[in-house]
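Enquirer: Sequence:
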Amino acid sequence: MEKKSENRCFEGIQAVYEHESAVTGTTMRFSVFTPPQAQAEQRPVLWWLSGLTCTEENFTVKAGAQRYAAEHGLIVIAPDTSPRGAGIEGEDDNYDFGSGAGFYVDATQEPWDKNYRMYSYITGELQELVLNEFRADPCRQGICGHSMGGHGALTLALNNPDIYKSVSAFAPICAPGQCPWGQKALRGYLGDVTEVWDNHDAVALIKAGNKVNGTILVDQGSADEFLNEQLKPELLEQACEQHGQPLELRFQEGYDHSYYFIASFIGEHIHFHAQALGE
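Using the numbering used here, you'd call the opening residue of the sequence shown number 775 and step up by one each time.
Careful: at least some of the hints might be erroneous.
As the list claims (entries may be wrong) - Here are the simulated DSS-like cross-link-like pairs (lysine-lysine), alpha carbons at most 25 Å apart as the crow flies:
| # | residue 1 | residue 2 |
| --- | --- | --- |
| 1 | LYS981 | LYS958 |
| 2 | LYS778 | LYS836 |
| 3 | LYS777 | LYS836 |
| 4 | LYS958 | LYS888 |
Said to hold, decoys possible - Now the in silico label distances, taken between C-beta atoms and shown as ranges:
| # | residue 1 | residue 2 | range |
| --- | --- | --- | --- |
| 5 | PRO885 | SER779 | 24 to 34 Å |
| 6 | GLU776 | GLN1016 | 46 to 56 Å |
| 7 | ALA997 | LEU1021 | 20 to 30 Å |
| 8 | ARG961 | ALA814 | 45 to 55 Å |
| 9 | LYS836 | MET775 | 19 to 29 Å |
| 10 | LYS778 | LYS836 | 15 to 25 Å |
| 11 | ASN781 | VAL967 | 43 to 53 Å |
| 12 | GLU1003 | GLY1028 | 18 to 28 Å |
None of these hints come from the bench; they were simulated from the model.
Keep in mind the model is a prediction, meaning the values are calculated, not measured.
Heads up, the beta-carbon is just placed ideally off N, CA and C, and yes, glycines get one too.
Start from the sequences, fold in the hints, and give me the full structure.
Expert: This is how it looks when you write it as structure tokens:
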């Protein structure tokens, strides 16, 4: 693992690391904010999963999360959204499939299956790396994300409640099996059998009986241009109500899909996770 950059921020350290991944077969990058409290003891961890077209840097540069993470003593990990430079023909052709659009699944379809294994990378290889290299408490981990990353946060938490003790999302793709973004990605990575998609669809997982620890917190902008066609939070709300999964769904009036939206409410999300993880 090689440190590519380091900056002091709110008495903590914001750094970007690079390593050779055995899971994706490519060089992967991820960012880490280490709060000042981690100099002396293990601290809770908050994983951030970004959306389409993003890298490990979007959140760390635009969201303003470091101030709140330092206050609550949370280590914040932000991985990249896909492998890069895998040498697959067409991997850079579309913003919503391939590079920058890993969708947090393990691809089973050629030629994507050898590299596009973001589910195993985040829940396995990177998990182990972070716990070994930083003062991260393995028993106090939360996960959060935006858009495609909100989908990832929900599905990783629903599939791994033993790892993630809290979950929240900004404008998540709630039912990828029922929207154009998700259908394109899941078909391309996982094939045509839609039942396989259900393992990576928050609404389908909740209907199947999966639950997370505690309440799911979701913020959704009312002026989000992707709200009706791509995000479908009403389906998440219905599934949670019908199957007993606590959900706090907040519609924020006038907010769109941008990082201004995230920056406006990231402090509340970090507070939510800090309380759930016992800061």
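Enquirer: Hint by hint, note whether the structure agrees.
Expert: Hint check results:
Taking the CA atoms of LYS981 and LYS958, the gap is about 22 Å. The hint holds against a cut of 25 Å. With a CA separation close to 19 Å, the supplied pair LYS778 and LYS836 stays within the 25 Å bound. This hinted pair checks out: LYS777 and LYS836 have alpha carbons roughly 21 Å apart, not beyond 25 Å. Of the pairs offered as hints, the one joining LYS958 and LYS888 holds, with about 19 Å between alpha carbons and a cut-off of 25 Å not exceeded.
Between PRO885 and SER779 the beta carbon distance is about 32 Å. The supplied range of 24 to 34 Å therefore holds. For the pair GLU776 and GLN1016, the beta carbons lie near 48 Å from each other, so the given range of 46 to 56 Å is met. At about 21 Å, the CB distance of ALA997 to LEU1021 agrees with the hint of 20 to 30 Å. Between ARG961 and ALA814 the Cβ separation comes to about 49 Å, which falls inside the hinted range of 45 to 55 Å.
LYS836 and MET775 have their C-beta atoms about 25 Å apart, which keeps the hinted 19 to 29 Å range intact. For LYS778 paired with LYS836, a C-beta distance near 19 Å keeps the hint of 15 to 25 Å intact. In this structure, ASN781 and VAL967 meet the distance hint of 43 to 53 Å, their C-beta atoms being roughly 46 Å apart. Separated by about 19 Å at the C-beta atoms, GLU1003 and GLY1028 satisfy the suggested range of 18 to 28 Å.
The structure fails none of the hints (numbered hints given earlier).
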